[in-house]
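Protein chains: 2
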Amino acid sequence: MELKDYLPVWNKLTEKEKLALENSVVRKKLKKGTVIHNGTQDCNGLFIIISGEIRVYTISDGGREITVYRLFDRDICLFSASCMLNSIQFELTIETQKETDVFILPVEIYKKIMAESAPLANFTNELLSSRFTEVMWLLDQILWKSFDKRLAGFLLEESAIQGSETLKITHEEIGNHLGNPREVVTRMLKYFSGEGMVELARGTIKLTDIKKLQNI
Amino acid sequence: MELKDYLPVWNKLTEKEKLALENSVVRKKLKKGTVIHNGTQDCNGLFIIISGEIRVYTISDGGREITVYRLFDRDICLFSASCMLNSIQFELTIETQKETDVFILPVEIYKKIMAESAPLANFTNELLSSRFTEVMWLLDQILWKSFDKRLAGFLLEESAIQGSETLKITHEEIGNHLGNPREVVTRMLKYFSGEGMVELARGTIKLTDIKKLQNI
Numbered sequence: 001m002e003l004k005d006y007l008p009v010w011n012k013l014t015e016k017e018k019l020a021l022e023n024s025v026v027r028k029k030l031k032k033g034t035v036i037h038n039g040t041q042d043c044n045g046l047f048i049i050i051s052g053e054i055r056v057y058t059i060s061d062g063g064r065e066i067t068v069y070r071l072f073d074r075d076i077c078l079f080s081a082s083c084m085l086n087s088i089q090f091e092l093t094i095e096t097q098k099e100t101d102v103f104i105l106p107v108e109i110y111k112k113i114m115a116e117s118a119p120l121a122n123f124t125n126e127l128l129s130s131r132f133t134e135v136m137w138l139l140d141q142i143l144w145k146s147f148d149k150r151l152a153g154f155l156l157e158e159s160a161i162q163g164s165e166t167l168k169i170t171h172e173e174i175g176n177h178l179g180n181p182r183e184v185v186t187r188m189l190k191y192f193s194g195e196g197m198v199e200l201a202r203g204t205i206k207l208t209d210i211k212k213l214q215n216i
Numbered sequence: 001m002e003l004k005d006y007l008p009v010w011n012k013l014t015e016k017e018k019l020a021l022e023n024s025v026v027r028k029k030l031k032k033g034t035v036i037h038n039g040t041q042d043c044n045g046l047f048i049i050i051s052g053e054i055r056v057y058t059i060s061d062g063g064r065e066i067t068v069y070r071l072f073d074r075d076i077c078l079f080s081a082s083c084m085l086n087s088i089q090f091e092l093t094i095e096t097q098k099e100t101d102v103f104i105l106p107v108e109i110y111k112k113i114m115a116e117s118a119p120l121a122n123f124t125n126e127l128l129s130s131r132f133t134e135v136m137w138l139l140d141q142i143l144w145k146s147f148d149k150r151l152a153g154f155l156l157e158e159s160a161i162q163g164s165e166t167l168k169i170t171h172e173e174i175g176n177h178l179g180n181p182r183e184v185v186t187r188m189l190k191y192f193s194g195e196g197m198v199e200l201a202r203g204t205i206k207l208t209d210i211k212k213l214q215n216i
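Protein chains in written order, with full-length UniProt numbering: chain L, 1 to 216; chain B, 1 to 216.
For the record, the hints were derived by calculation from the structure and aren't laboratory data. Every value quoted in this text rests on a predicted model; they were computed, and no experiment measured them. One thing to keep in mind: the hints can contain errors.
Identical copies look the same in the list; a pair holds intra-copy or inter-copy alike.
[To be verified] In silico SDA-like cross-links for lysine to any residue, where the CA-CA straight-line distance does not exceed 20 Å:
hint, residue 1, residue 2
1, 18, 59
2, 12, 112
3, 211, 164
4, 211, 167
5, 112, 175
6, 149, 61
7, 18, 118
8, 168, 158
9, 145, 65
10, 12, 118
11, 112, 13
12, 98, 55
Extracted from the complex, chain L is given alone in its bound form (with noise of 0.2 Å):
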């Protein structure tokens, strides 16, 4: 589990640069519910998730959120380090979901090998890319999906994320993800619950009809 293992683009780099990074990288354990990141304050450096999960979200002047998309283990957080891009003027909160264990790479020391090494600028520009195809999905679907198709949707990955049909989840926390109020949630979660798709109880959602959530 050493740097190298976690970045693709290492054997690229050259001898000096290896050093480099590998010189000023730490690691660091960080509890659940650690803001890494908070609007376009700070700009802690690039992190490396070696086990764990990290949300990256947005919230309105109202104080509601929604997620942009989540990080898991071998997934690399950009926006953690957003200062080193001038283009990059907006607005996100990232935050551990669990325990994370991560690389921290210092942004001078990134930015400063990315400005020499093609190799390093390319790989960034396909971590931009593969953020910004992930912003684009969720475009489409606050734009043309109704809120059942993603509830459902989102009610399925999380069941495959956890790796469990029953859900440990509250009903506000899946409004912070989808950008819905809380009410919404619950309306939409008693339909499903009347149709047999779920069973609710306190704290959990069990998912009892799989098919009938994936034909929505």
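Since chain L is already given, all that's left is putting chain B on it; use the hints.
For chain B alone, kept in the frame of chain L given last:
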């Protein structure tokens, strides 16, 4: 009006790279309504706008449209060359809004130089980041801003672009920019008209109270 005047990164390229770009660039005058890029199918090159206007939008399965962003003089259209980034996996339609004079750089040439040139790769990173910023702005608008605010903002922006307070645009075209059905646009414009902010006529909208529109 040469290519080098439109590529801010020009002076950081090698002589060989400059020559390769100069020898492959094509200049074209595109008619209004030319579709440069359609979903993920084609990959016609990087378009640099000398003069004119390009609209980048998505279409729902049901045929509804929303403008993701618009490009004007000196802007560079990256997603018409999206195949050069493997991680871009989304569909956009790109179309000229008026007669548009462009430089076109072939994808293979640009991609080849970018693979070796850190300056060009970093320049591309900044382009991508700019577009990302525009998409995040749009996402925020759609998620948290009510339609009256979005419509007022669009009318003011369009007035600045057209350089006139009398806009030549149909309700359907506005709907396609903002992602709403024509009827919704008409209803809100009638409300604006009742409030003395606009005057409606066939094919035109005259802004009669800029201050009030700004206050929305």
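Next item on the list: Could you check the structure against the hints above and give me the numbers of any it violates, in ascending order?
Entry: 1, 5
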